[in-house]
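Chains A and B, in that order, are what the protein sequence lines are.
My numbering numbers the first residue of the first sequence as 1 and each following residue consecutively.
My numbering numbers the first residue of the second sequence as 1 and each following residue consecutively.
Watch out, some of these pointers could steer you wrong.
If you want the footprint, here are the derived chain B segments under chain A, 3+ residues with CB under 8 Å [unchecked claim]:
| hint | segment |
| --- | --- |
| 1 | 118 to 127 |
| 2 | 223 to 237 |
| 3 | 287 to 293 |
| 4 | 309 to 316 |
| 5 | 406 to 418 |
The list that follows gives simulated cross-link-like pairs (lysine-lysine, DSS-like), each with its CA atoms no further than 30 Å apart [unchecked claim]:
| hint | chain 1 | residue 1 | chain 2 | residue 2 |
| --- | --- | --- | --- | --- |
| 6 | B | K122 | A | K374 |
| 7 | B | K122 | A | K166 |
| 8 | B | K347 | B | K294 |
| 9 | B | K249 | A | K374 |
| 10 | B | K23 | A | K166 |
| 11 | A | K115 | B | K5 |
| 12 | A | K115 | B | K122 |
| 13 | A | K417 | A | K401 |
| 14 | A | K417 | A | K115 |
Rather than coming from a laboratory, the hints here were simulated on the basis of the structure.
Backbone N, C-alpha and C define an ideal beta-carbon position, used for all residues, glycine too.
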Amino acid sequence: MSAEHAKPVDGPPWEQWIRAAEEPSRVPDLPEALDDLMVLDLSHGHYGALLTATYLAELGAEVIKVEPPDGDPARRWGPPDASVGGEGLAFLAEARNRYHVTLDLGTAEGRRLVKGLAERADVLVEGFAPGRLDGLGLGYRQLSKLNRRLVYVACSAWGQFGPKAKGQPAEYDLTDQALSGLLHITGDPEAPPVKVGSWISAYAQAVWGAVAALAALHWRVHSGRGQMIDVTGAEALMRYLEYTLLLQHASGHTRGRTGLYEIAVFPYTFVPVKDGWAFIAGYTDPNFGALCRVMGRPDLARDPRFNTTLQRTQLENEVQLRDEIQKWSVNHTAEEILAKVLADPGPGIVVFGPLNPPTRTLEEEHWWERGCFKRIMDPIYGDLLLQMPVWRMTRTPPRLKWPCRPAGYHQEHVLQKYFGRPTSGHTERR
Amino acid sequence: MAIPKDYFAWAARQFDPAHIHEKPEALRGIRVLDLSVIYFGPATADFLGELGAEVIKVEMPGQGDVTRILGNASFFWKNVSVAFFCANHSKYHVGIDMHRSAGQELIRQLATRSDVVVENFKAGTLEEKFGIGYRQLRELNPRLIYVANTGFGQWGPFSRGRASYDGLAQAVSGLTAITGDGEVPTKIGNYLGDWFGASMSALGVLAALRWRDRTGEGQFVEMAQCEGLLRAMDWTWLYAGLTGRDRAKAGNGDHVFSPAGVYRCSDGYVALVAGTDGEFRSLCRLIGQARLAKDPRFASRASRRETAHARALEAVIGAWCARRTRAQVEAAARKAGIAAAPVMTAKDQIDDPHLRARRSVWEHDDPVYSQMVECGPAPKLSATPARIKWAGKPVGFHNDFVLRSVLGLDPERIRALYAEGAIGRWAEGRRGAGPPEGWKGEGVLE
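Excised from the complex, chain A in its bound form:
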């Protein structure tokens, strides 16, 4: 150990310094990473494409959302028992920071205006059936001739190429989860597979679409050329399945559902506690030692069934070990166990936390202090509780500027800015 050679830092301790550098209330005063970019959002009833543009908008891009005169069908997506101002909550939650225009792609004038916007755009995001915009003269094949710097992100279920690309149906989260392989490995082995509760494939598709778009923009700095990007929600999630394919290749073992057990690491599971359920883990040798100490069961750390990572991940041993943990955990509240975990001096560390329903998560001060949520009073939609951008950046932090706006809300502003005058061929609303 030679920490004494470390060059000390002038200034406050790290936590204090970084907290000040990331102070949420300072965000509006700082520049935005992407505020030189214009993004054309042609998502239409496609959540992954919508979210791709949302991430870019949070990071500072000017996003122009083009909707048909009667609005994006996604505006009607939400739970049946709540909506605001006629908007579905799924749309209202995520269609943020945009400029909303309505243009009818079924008319020559509407298509002319989209082309005009695409000529000036850095990024275009769409989620139509593959080839659909190409058929309207608005695909990458045509638009790249008008704007060779355009980065064109196409989102779909089976992709733009490959034997199943042609004739594919619409993209849904559930079918994406099925194709990705995630559905097959979630749930109990004796029961049907279980999907992730949110539209997770759309979030995954969007992050890959935005990652690829920004990589393409970096390449464009030197090459001067844009390109086309093809992202499916299924492959977006499939990349998250760690060793599943290699395990199949290497051992012939087809990864299946293991419920609360785990084939790679253990303990790493949910257990009942006195007041609900909780996650608990300690799978490396030092961390398992810490778990046994916290449980007051040092004998388990020496038990030949559990004393190596290899032994702990034998399924029959996992069952016995989880039973031992559960016998202890049911007698304590989550808060009591967390206090024990935090008081443990080490070596090793136990990872523990309660299984929160969302309303319980919302009661925890941590997320509010860090600005993960914000309650806003919007002039159009009223009192809204929204999740905030996730990245903390000391120089160019992302931000929420406004929630969604009605279709066509910024019609005049956008047409004036890009065409110099109000233009015909559209219906203005509001």
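Got chain A sorted already, so can you dock chain B onto it with the hints?
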């Protein structure tokens, strides 16, 4: 308007996988110093590497990353756990002991010549314990983008003393509480919090890189995996804010689209969704129940979602699927314009011509590990395709190459660093750390 006849042939040419390795890489010239372990950090670096960044992965000499030893005996293959490879493609592997001052000095020198540093230590550890934190490294390299991944963040009440894994993020975010149905919680089968967090982290890095391309300025970026999953719960928070309630668990159904479900076929499960009125009418015809399309219980998306109505539909669709194979359901539904997909296993995916044609199933021949089958990069880029170049390597495999070519150290200095323990390779006989049995020096870079 129709889809042009030549569209798919044109698209196939833009993305032709036969030309991937001839095309340029988007992030070529960007060097990433990866100081992280397990998945959340290493995958962040890996995703940048897939897009062309040069990634130098630093591990503790001797044992290296803990993913090298995960799993039971079935995971061990060629002397390493299969869990190691998925977050460690095409990296340069160096073994540096960061506890030693000479090791810390090497990290400083590498960071001086890097564009991005990735770490996932507890907040403040690299600064306070090793002298290589953001504030120290930016003095040496103001253009540096430093990304720190944690569970709960660099600051805030939960950031103190609390470690995190994906499973914790699933639990505390509320995602588990809205997944599945019934009393016993469902643990999502993959390490979703790590992987989703890692790709979000890579996005933060790329936004910072865009800023640096414009201004020359580096910055500190942080990503917390619990916050990543919080963000990926669509309308959960808005709903809680408006109603004061938790959204109900929907199992494999959907609050918005109905019918949506997972059905048992003769050879496994299939997922099927008919989310629009048009798709629903088409589905009724397909399953020989055209009268259901006229039934007032199923007249609109809203009425089809009502629990009793959704159950009734589920029974009819389930009966139809039960008499068919997954492939029959998928093909018939596709012809009718309805989304249906087999619940695919790893075996299904490895054998799937579509995923192979798209290189989502990526087969490659590695000089050390021979034939590998892995999941290929998710996004497909026409001009600068993402790619796998080689598989993860043993601890310290590229020590000499990196120290010579990146830092310009001479062989004598490198020998001295080995002798004092500042750098090292795998420990002989240590499971997971070294090369396969019978390795004869293949793949070593001169």
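Here is what the structure says about each hint:
no., hint, verdict
1, 118 to 127, "holds (count 3)"
2, 223 to 237, "holds (count 12)"
3, 287 to 293, "violated (count 0)"
4, 309 to 316, "violated (count 0)"
5, 406 to 418, "violated (count 0)"
6, B/K122 with A/K374, "27 Å, holds"
7, B/K122 with A/K166, "48 Å, violated"
8, B/K347 with B/K294, "41 Å, violated"
9, B/K249 with A/K374, "24 Å, holds"
10, B/K23 with A/K166, "25 Å, holds"
11, A/K115 with B/K5, "22 Å, holds"
12, A/K115 with B/K122, "49 Å, violated"
13, A/K417 with A/K401, "20 Å, holds"
14, A/K417 with A/K115, "15 Å, holds"
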